[in-house]
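**Student:** Work out the full structure: start from the sequences and follow the hints.
Which chain is which? The protein sequence lines are W and A, in order. Just so it is clear: in the first sequence, position 14 is 14 by this note's numbering, and no numbers are missing. To convert, count from 1 in the second sequence and add 172; that's this note's numbering.
Derived from the structure by calculation, the hints contain no laboratory data. Wrong hints could be hidden among the right ones.
Here are the simulated DSBU-like pairs of lysine-lysine, each with C-alpha atoms no more than 30 Å apart in a straight line [stated by the list, open to error]: (1) A:260 <-> W:169; (2) A:272 <-> A:260; (3) W:169 <-> A:272; (4) W:92 <-> A:260; (5) W:92 <-> A:272; (6) W:170 <-> A:260; (7) W:170 <-> A:272.
Values in this document were obtained by computation on a predicted structure and should not be read as measured data.
The residues making up each chain are set out below.
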Amino acid sequence: MTSVATPFFFYFLAITAIVSAIAVITRRNPVHAALSLIVTLLALAGFYLMLYAPFVAAVQIVLYAGGIMVLFLFVIMLVNLEQNIREYQFNKQWIVATIAALALGGLLAFVYRTGRGVFPSAFYQSYRGLEGDNTQQIGVWLYGQYMLPFEIASLLLLVAIVGAVVMAKKRI
Amino acid sequence: MTEITTMHYLVVAAALFIIGTIGVLTRRNVVIILMSIELILNAVNLNLVAFSRLWGLHGQVFAIFVITDAAAEAAVGLGIIIAFFRNKETVNVDEVDLLKW
Chain W
1 MTSVATPFFF YFLAITAIVS AIAVITRRNP VHAALSLIVT LLALAGFYLM
51 LYAPFVAAVQ IVLYAGGIMV LFLFVIMLVN LEQNIREYQF NKQWIVATIA
101 ALALGGLLAF VYRTGRGVFP SAFYQSYRGL EGDNTQQIGV WLYGQYMLPF
151 EIASLLLLVA IVGAVVMAKK RI
Chain A
173 MTEITTMHYL VVAAALFIIG TIGVLTRRNV VIILMSIELI LNAVNLNLVA
223 FSRLWGLHGQ VFAIFVITDA AAEAAVGLGI IIAFFRNKET VNVDEVDLLK
273 W
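**Tutor:** Structure, rendered in structure tokens:
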């Protein structure tokens, strides 16, 4: 199978995601960082579509790029500081952080290199008929095999709502 | 053109994870630290969905749970930021040293 469109879209989305992710952690203005994060999330939604996961892609766009990022922008507007933008944006431990990030990258590279022999199925493509009925199958799994984690997730969301209200309230 | 395998997706996810780690460790603005945590969670999600193409839908269901947790974490974290900003008038993490002895 030699398709030209798949590698093109993959590299396009990968470069978009990584460049805007770097923009997230380097921008001085938090609003610009939030907009870059939205671009990264949309590129990841494109990846999910390429991986035959349309439901996760839709959830990513609606919930992440729509819901969570609106919450972020709202809080940025609420705590917006004019003098914060003029301050120095990075803390003093950036040398340690760079060493830690390099160590993490080396560890991941080592794992992927050694996994090439132990774990060969990740290195060739195989389609297992996941193309059709994706949303329906996920619904059946969520309400069947994953019933208990689903209920725990709903309880977690309830606790998070109560916690957010208690945190943001002036006096309890 | 080379064929796109699962390994390509894993490398992109690893790059996003490392960028998120650098953001958490180096930035001072706590809102951007929360955004870096979202980057890390998204890298994990990309791994899960990439593997779900090989081993069935478990990965996609877990990705949905991770998105749910990310929503809960963002709500509570941003509530903490608002409470903190109300008390200290700043959003820099290195000025949060009330518990430091």
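**Student:** Are the hints correct? Go through all of them and say.
**Tutor:** Hints versus structure:
1. Straight-line distance between C-alpha atoms of residue 260 of chain A and residue 169 of chain W comes to about 16 Å, which keeps the hinted pair within the 30 Å bound.
2. Taking the CA atoms of residue 272 of chain A and residue 260 of chain A, the gap is about 15 Å. The hint holds against a cut of 30 Å.
3. About 25 Å separates the Cα atoms of residue 169 of chain W and residue 272 of chain A, which keeps this hinted pair within 30 Å; it holds.
4. Taken as a hint, the residue 92 of chain W and residue 260 of chain A pair is honoured in the structure, with Cα atoms around 21 Å apart against an allowance of 30 Å.
5. At most 30 Å may separate the alpha-carbon atoms for a hinted pair to count; residue 92 of chain W and residue 272 of chain A meet this at roughly 17 Å.
6. At most 30 Å may separate the alpha-carbon atoms for a hinted pair to count; residue 170 of chain W and residue 260 of chain A meet this at roughly 14 Å.
7. In summary, the hint linking residue 170 of chain W to residue 272 of chain A is supported, as the alpha carbons are separated by about 25 Å, within the 30 Å threshold.
In this structure, every one of the numbered hints holds.
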